[in-house]
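Colleague: Could you put the whole structure together from the sequences, leaning on the hints where they help?
For the record, the sequence lines run as chains P and H. Going by our numbering, the letters in the first sequence line up with residues 12 to 311, in that order. Going by our numbering, the letters in the second sequence line up with residues 12 to 311, in that order.
Do not rely on the hints blindly, as some may be mistaken.
[Claimed, not checked] Covered stretches of chain P (chain H as the covering partner; in silico rule of three or more C-beta atoms under 8 Å from a C-beta of chain H):
1) 163–175
2) 222–236
3) 251–260
[What the hints assert, rightly or not] Here are a few chain P residues that sit away from chain H, every Cβ distance over 12 Å (derived from the structure):
4) Ala21
5) Gln26
6) Pro41
7) Asn48
8) Glu77
9) Glu88
10) Pro131
11) Arg136
12) Glu147
13) Leu151
14) Ala193
15) Ile215
16) Arg290
17) Asp292
No wet-lab data here; the hints were simulated from the structure. Since the model is a prediction, treat every value here as computed from it, not as a measurement. Think of the CB as a built atom: it goes at the ideal place given N, C-alpha and C, for glycine as much as any other residue.
2 protein chains.
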Amino acid sequence: MFTNFKDMEAYVLSQGIKKRIALANAHDEPALSAVVNAKRKGIVEGTLVGKADMIIDMLHEMGEDEKDYEIVDFDGEELDAAKLTIKLVREGKADIPMKGILQTSNFAKAILNRETGLIPEGGRRLVSQVGIFEYEDRFLMITDAAINIAPDVDTQIGIVENALPVAKALGNECPKVAILSAVEVYNEKMPSTVSATEITKRGIPGCVVSGPLALDGAISMESVKHKSIKDPVAGQADILLVPFIEIGNSLYKSVTYIAGKTMASSICGATCPVVITSRADTPDSKYYSILLAVLRCLNK
Amino acid sequence: MFTNFKDMEAYVLSQGIKKRIALANAHDEPALSAVVNAKRKGIVEGTLVGKADMIIDMLHEMGEDEKDYEIVDFDGEELDAAKLTIKLVREGKADIPMKGILQTSNFAKAILNRETGLIPEGGRRLVSQVGIFEYEDRFLMITDAAINIAPDVDTQIGIVENALPVAKALGNECPKVAILSAVEVYNEKMPSTVSATEITKRGIPGCVVSGPLALDGAISMESVKHKSIKDPVAGQADILLVPFIEIGNSLYKSVTYIAGKTMASSICGATCPVVITSRADTPDSKYYSILLAVLRCLNK
Numbered sequence: 012m013f014t015n016f017k018d019m020e021a022y023v024l025s026q027g028i029k030k031r032i033a034l035a036n037a038h039d040e041p042a043l044s045a046v047v048n049a050k051r052k053g054i055v056e057g058t059l060v061g062k063a064d065m066i067i068d069m070l071h072e073m074g075e076d077e078k079d080y081e082i083v084d085f086d087g088e089e090l091d092a093a094k095l096t097i098k099l100v101r102e103g104k105a106d107i108p109m110k111g112i113l114q115t116s117n118f119a120k121a122i123l124n125r126e127t128g129l130i131p132e133g134g135r136r137l138v139s140q141v142g143i144f145e146y147e148d149r150f151l152m153i154t155d156a157a158i159n160i161a162p163d164v165d166t167q168i169g170i171v172e173n174a175l176p177v178a179k180a181l182g183n184e185c186p187k188v189a190i191l192s193a194v195e196v197y198n199e200k201m202p203s204t205v206s207a208t209e210i211t212k213r214g215i216p217g218c219v220v221s222g223p224l225a226l227d228g229a230i231s232m233e234s235v236k237h238k239s240i241k242d243p244v245a246g247q248a249d250i251l252l253v254p255f256i257e258i259g260n261s262l263y264k265s266v267t268y269i270a271g272k273t274m275a276s277s278i279c280g281a282t283c284p285v286v287i288t289s290r291a292d293t294p295d296s297k298y299y300s301i302l303l304a305v306l307r308c309l310n311k
Numbered sequence: 012m013f014t015n016f017k018d019m020e021a022y023v024l025s026q027g028i029k030k031r032i033a034l035a036n037a038h039d040e041p042a043l044s045a046v047v048n049a050k051r052k053g054i055v056e057g058t059l060v061g062k063a064d065m066i067i068d069m070l071h072e073m074g075e076d077e078k079d080y081e082i083v084d085f086d087g088e089e090l091d092a093a094k095l096t097i098k099l100v101r102e103g104k105a106d107i108p109m110k111g112i113l114q115t116s117n118f119a120k121a122i123l124n125r126e127t128g129l130i131p132e133g134g135r136r137l138v139s140q141v142g143i144f145e146y147e148d149r150f151l152m153i154t155d156a157a158i159n160i161a162p163d164v165d166t167q168i169g170i171v172e173n174a175l176p177v178a179k180a181l182g183n184e185c186p187k188v189a190i191l192s193a194v195e196v197y198n199e200k201m202p203s204t205v206s207a208t209e210i211t212k213r214g215i216p217g218c219v220v221s222g223p224l225a226l227d228g229a230i231s232m233e234s235v236k237h238k239s240i241k242d243p244v245a246g247q248a249d250i251l252l253v254p255f256i257e258i259g260n261s262l263y264k265s266v267t268y269i270a271g272k273t274m275a276s277s278i279c280g281a282t283c284p285v286v287i288t289s290r291a292d293t294p295d296s297k298y299y300s301i302l303l304a305v306l307r308c309l310n311k
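Modeller: In structure tokens, the structure reads:
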């Protein structure tokens with residue numbers, strides 16, 4: 012089981028297989044530089060969809076030769092740029108779609124199209140985001156801090172199911188999933204405890220799920236002892252399922268900005284890993300997000 | 012303005028005035044040891060309400076002489092223990108009530124009683140919790156991570172008003188308050204952005220309030236530049252107002268358990284500072300919570 016980014020990187024490099032990223036609207040310095048960096052590290056090749064002249068100028072500024080990339084010249088609607096990128100992946104010409112300078116909603120729309128998108132056969136039409144960071148002796152995952160605003164019970168279960176392949180790629184075949192709340196007891200005045208209790212009762216195949224758990228009850232064995240919590244997940248969670256986006260988002264950013272840790276992010280639920288980075292992400296965060304996508308490809 | 016716990020401690024000690032803590036149901040090792048520790052450091056005297064024989068045994072085990080404390084023998088209902096403790100404060104026999112081994116709800120009930128409690132004249136009947144921790148060059152405050160579950164707009168405003176005296180005690184006369192959400196734009200599908208927009212429009216005297224802001228938009232100037240946010244609070248927040256308890260609680264515990272920082276907690280809204288510590292709190296966290304209460308008394 013991988014427990015840190017360095018080991019993950021060493022493993023991917025040891026496989027000697029590069030994956031091809033297709034960057035939608037690649038004329039975007041923050042996203043393009045992440046692809047260039049990952050290419051230099053030897054884990055990907057790049058297909059750059061977008062305004063070719065701008066892309067070439069940017070590559071030159073980064074000291075790159077455009078001949079080392081496949082450039083697909085496209086200057087049009089955002090949604091069409093996204094569709095073209097997804098088409099390349101569907102046709103096997105690229106492995107990992109990544110978002111450049113376009114609205115996330117347009118990018119998601121192209122992925123979620125039943126005919127031309129990347130929906131698994133018989134699968135749910137649900138994409139969700141997973142963040143991973145190093146915590147004590149393991150990777151801790153947070154889902155979903157970025158896409159689903161206030162998922163109902165079924166959607167929350169889908170979000171966990173979407174996260175399981177990421178856990179598997181990290182070597183965790185049966186992760187422990189904590190459903191976060193502010194307390195460990197059912198309280199009808201706190202809706203997150205109600206949905207957590209319902210999900211725990213139903214269970215989710217392929218993982219051990221339990222909640223509600225406050226963050227300390229989920230990840231700190233010391234706190235679990237202090238609070239005398241008896242629970243199969245408490246103190247040992249691998250995945251933190253958040254009931255609302257605000258919790259996940261605050262937690263994600265607290266880990267990044269207050270704890271100063273590197274967070275890699277992956278978009279799940281499509282037939283292949285998808286990369287969306289934010290311009291405020293650190294170079295390390297962007298690189299490890301791409302690395303995680305490559306690892307997920309190797310694991311299929 | 013205080014920017015760290017050590018300076019805060021030096022200031023309180025330099026004043027040479029001790030405040031008296033009244034501990035309700037003091038026969039509780041975790042709370043009693045916090046009072047003993049604060050007494051040893053020279054910032055408080057202790058009045059211990061509860062089962063005298065148990066309290067004396069515990070004091071002896073900690074190497075203390077019971078003559079150095081005022082012990083009020085009481086063996087009865089939790090609520091009555093709380094009421095007796097509050098009465099001591101009302102009569103000026105103690106300055107700071109603190110919760111020992113009893114339900115927080117019973118302790119709060121005694122404080123919130125219109126006749127016998129600690130409600131400010133003409134004030135709101137609202138207690139709330141504030142947590143403070145050192146972040147970059149200042150104290151950052153989170154409110155409310157512990158008491159109010161899903162406060163409406165008026166209650167959220169009250170929670171900010173409750174926090175202002177704490178900011179003032181820290182030397183901040185006009186704090187910047189960020190209303191947390193997952194994004195910086197109004198989105199009717201995300202209720203926290205709706206209430207944040209409403210509060211920002213109304214404003215709160217004595218502070219600069221703005222939201223919705225995601226955590227990075229609230230506290231990171233780098234992120235503010237990346238996102239091109241134009242806002243008087245963005246990147247410089249002193250107080251983080253959370254729209255639901257789950258956000259505050261996760262954030263509070265992330266700062267403690269993931270970032271490994273010391274958090275001091277204070278209960279606001281009563282006529283005096285109130286201390287509630289949790290048994291899972293570190294000794295430092297308990298000590299600085301008492302120190303913050305003493306500082307608030309000095310500031311009145």
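Colleague: If a hint holds in the structure, say so; if it does not, say that too.
Modeller: So, going through the hints one by one against the coordinates:
Counting residues of the stretch 163–175 of chain P whose CB lies closer than 8 Å to any CB of chain H gives 0, which falls below the minimum of 3, so the coverage claim is violated. For the stretch 222–236 of chain P, the proposed coverage by chain H is satisfied: 7 residues have a C-beta within less than 8 Å of a C-beta in that chain, meeting the threshold of three. With a cut-off of 8 Å between beta carbons, the stretch 251–260 of chain P has 8 residues touching chain H; three or more are needed, and the interface restraint holds. A cut-off of 12 Å between C-beta atoms confirms that Ala21 (chain P) is not in contact with chain H; the least separation is 25 Å.
The Cβ of Gln26 (chain P) sits about 31 Å from the closest Cβ of chain H, beyond the 12 Å cut-off, so the non-interface label holds. A cut-off of 12 Å between C-beta atoms contradicts the statement that Pro41 (chain P) is not in contact with chain H; the least separation is 8 Å. A cut-off of 12 Å between C-beta atoms confirms that Asn48 (chain P) is not in contact with chain H; the least separation is 17 Å. Chain H leaves Glu77 (chain P) outside its interface by the beta-carbon criterion, the shortest separation being 27 Å against a cut-off of 12 Å.
Consistency note on Glu88 (chain P): stated as away from chain H, and its beta-carbon is indeed over 12 Å from all of that chain's, at 23 Å minimum. Residue placement check: Pro131 (chain P) keeps its beta carbon more than 12 Å from all beta carbons of chain H (closest about 26 Å). Non-interface call for Arg136 (chain P) relative to chain H: holds, since the shortest CB-CB distance, roughly 18 Å, exceeds 12 Å. A Cβ of chain H approaches the Cβ of Glu147 (chain P) within 12 Å, the least distance being about 10 Å, so the stated non-interface status is violated.
Once the 12 Å rule is applied to beta carbons, Leu151 (chain P) is inconsistent with being away from chain H; the minimum gap is 8 Å. Distance to chain H contradicts Ala193 (chain P) as a non-interface residue, since its nearest Cβ pair spans about 4 Å, not more than 12 Å. With 12 Å as the threshold on Cβ separation, the claim that Ile215 (chain P) sits away from chain H holds: the shortest Cβ distance comes to roughly 21 Å. Not every C-beta of chain H lies more than 12 Å from that of Arg290 (chain P), the closest at about 5 Å, which undercuts listing it as non-interface.
With a least CB separation of 9 Å from chain H, Asp292 (chain P) falls inside the 12 Å interface cut-off, contrary to its annotation.
Checked against the numbered hints given earlier, this structure breaks hints 1, 6, 12, 13, 14, 16 and 17; the rest are met.
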